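There are 2 protein chains.
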Amino acid sequence: MVSLKAYIASSLDGFIAKKDGSVDWLHAEKYQLEKEDFGYERFMESIDCIVMGRITFETVLQFEPYPFETVPVIVVSKNPNYQIESKHQISIFTRPLRELVPFLETKGYQNVYVDGGKLIQSILMESLLDTITITQIPILLGSGIPLFGVTENEIELKHRKTQSYPNGFVQTEYEILK
Amino acid sequence: MVSLKAYIASSLDGFIAKKDGSVDWLHAEKYQLEKEDFGYERFMESIDCIVMGRITFETVLQFEPYPFETVPVIVVSKNPNYQIESKHQISIFTRPLRELVPFLETKGYQNVYVDGGKLIQSILMESLLDTITITQIPILLGSGIPLFGVTENEIELKHRKTQSYPNGFVQTEYEILK
Numbered sequence: 001m002v003s004l005k006a007y008i009a010s011s012l013d014g015f016i017a018k019k020d021g022s023v024d025w026l027h028a029e030k031y032q033l034e035k036e037d038f039g040y041e042r043f044m045e046s047i048d049c050i051v052m053g054r055i056t057f058e059t060v061l062q063f064e065p066y067p068f069e070t071v072p073v074i075v076v077s078k079n080p081n082y083q084i085e086s087k088h089q090i091s092i093f094t095r096p097l098r099e100l101v102p103f104l105e106t107k108g109y110q111n112v113y114v115d116g117g118k119l120i121q122s123i124l125m126e127s128l129l130d131t132i133t134i135t136q137i138p139i140l141l142g143s144g145i146p147l148f149g150v151t152e153n154e155i156e157l158k159h160r161k162t163q164s165y166p167n168g169f170v171q172t173e174y175e176i177l178k
Numbered sequence: 001m002v003s004l005k006a007y008i009a010s011s012l013d014g015f016i017a018k019k020d021g022s023v024d025w026l027h028a029e030k031y032q033l034e035k036e037d038f039g040y041e042r043f044m045e046s047i048d049c050i051v052m053g054r055i056t057f058e059t060v061l062q063f064e065p066y067p068f069e070t071v072p073v074i075v076v077s078k079n080p081n082y083q084i085e086s087k088h089q090i091s092i093f094t095r096p097l098r099e100l101v102p103f104l105e106t107k108g109y110q111n112v113y114v115d116g117g118k119l120i121q122s123i124l125m126e127s128l129l130d131t132i133t134i135t136q137i138p139i140l141l142g143s144g145i146p147l148f149g150v151t152e153n154e155i156e157l158k159h160r161k162t163q164s165y166p167n168g169f170v171q172t173e174y175e176i177l178k
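Each protein sequence line maps, in turn, to chains A and B.
So for the first sequence, my numbering puts the first residue at 1; every next one is plus one.
So for the second sequence, my numbering puts the first residue at 1; every next one is plus one.
No lab work stands behind these hints, which were simulated from the structure alone.
No false leads were slipped in.
Because identical chains share one entry, a pair is satisfied inside a single copy or across any pair of copies.
As a list, the in silico DSBU-like pairs of lysine-lysine whose alpha-carbon atoms are at most 30 Å apart:
1) Lys178 x Lys5
2) Lys178 x Lys30
3) Lys5 x Lys18
4) Lys35 x Lys161
5) Lys161 x Lys30
6) Lys5 x Lys158
7) Lys5 x Lys107
8) Lys118 x Lys19
9) Lys35 x Lys18
10) Lys158 x Lys18
11) Lys118 x Lys87
12) Lys18 x Lys118
Computed from a predicted model, the values in this text were never measured in an experiment.
Could you put the whole structure together from the sequences, leaning on the hints where they help?
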């Protein structure tokens, strides 16, 4: 069975980035804690591939070093002709999202990290997301790129656990009820 | 010294009510826990007056029984001619918000509960809010009346404590840094 998992940080007012896409506020020195990665490495060890929106992937490609050397990345685009060259382990998925889970099954993936604001929203709207871990940063940005979009229907979640950190981060894991 | 405190519930996507103002979702039976009020009574015992926006007050006035019999309510309106008749302990404040704290001081109030979505936003924007306790409900409403509004400046918060409840509520108290 394939499980799709989002793992993301947001400001307390629900933004994952400023309007220009920047996440500098998230990496501010005041939030750094020695030897503390807020569960990220453990989460990464639990997944066997990343499904990533095109915009996020093209941003990540500019990072030095490339952060996902050891894990396959599936880049999702709505453009059926989308192509991108990369020396990393990537594949491209341009089919409808409802075909994503069967695609992941044929590849043998079970624990899938869903990354990228728009992709998380789309996968949530298609009722495909299984869990979401949100790390809330103690800041109000006032505007920016929202984690959650407008949806027609209410979505119920089941709380799994909450942990707070000495820097004020509050991390909560929810299961999405379907 | 006067301390202004907000204490409010929001959906995980940041709404305090549906578009029509309803909070039925918040009072759903599935969230009820026997003998658990999520700290509300303790909070109410800690305050000596409520500052409430006009819209919220006019809604509350329709409740049977009126819920604030034992605590003075100061109704805030921008309309200098605003008047409302009530048999309860209320007063009306129509002056600029920056005059609110001196007004509360003259009355001898120290721990003030700020209630009402718009009033919380206005008091936050005027850098007058001291603490906010947010109880996040495990639901995505998709749309509604937002807890936080658009602000020009970032606002930093200091995390005080987080508590989760068996019904999935996650309650976090923040101090607002000025």
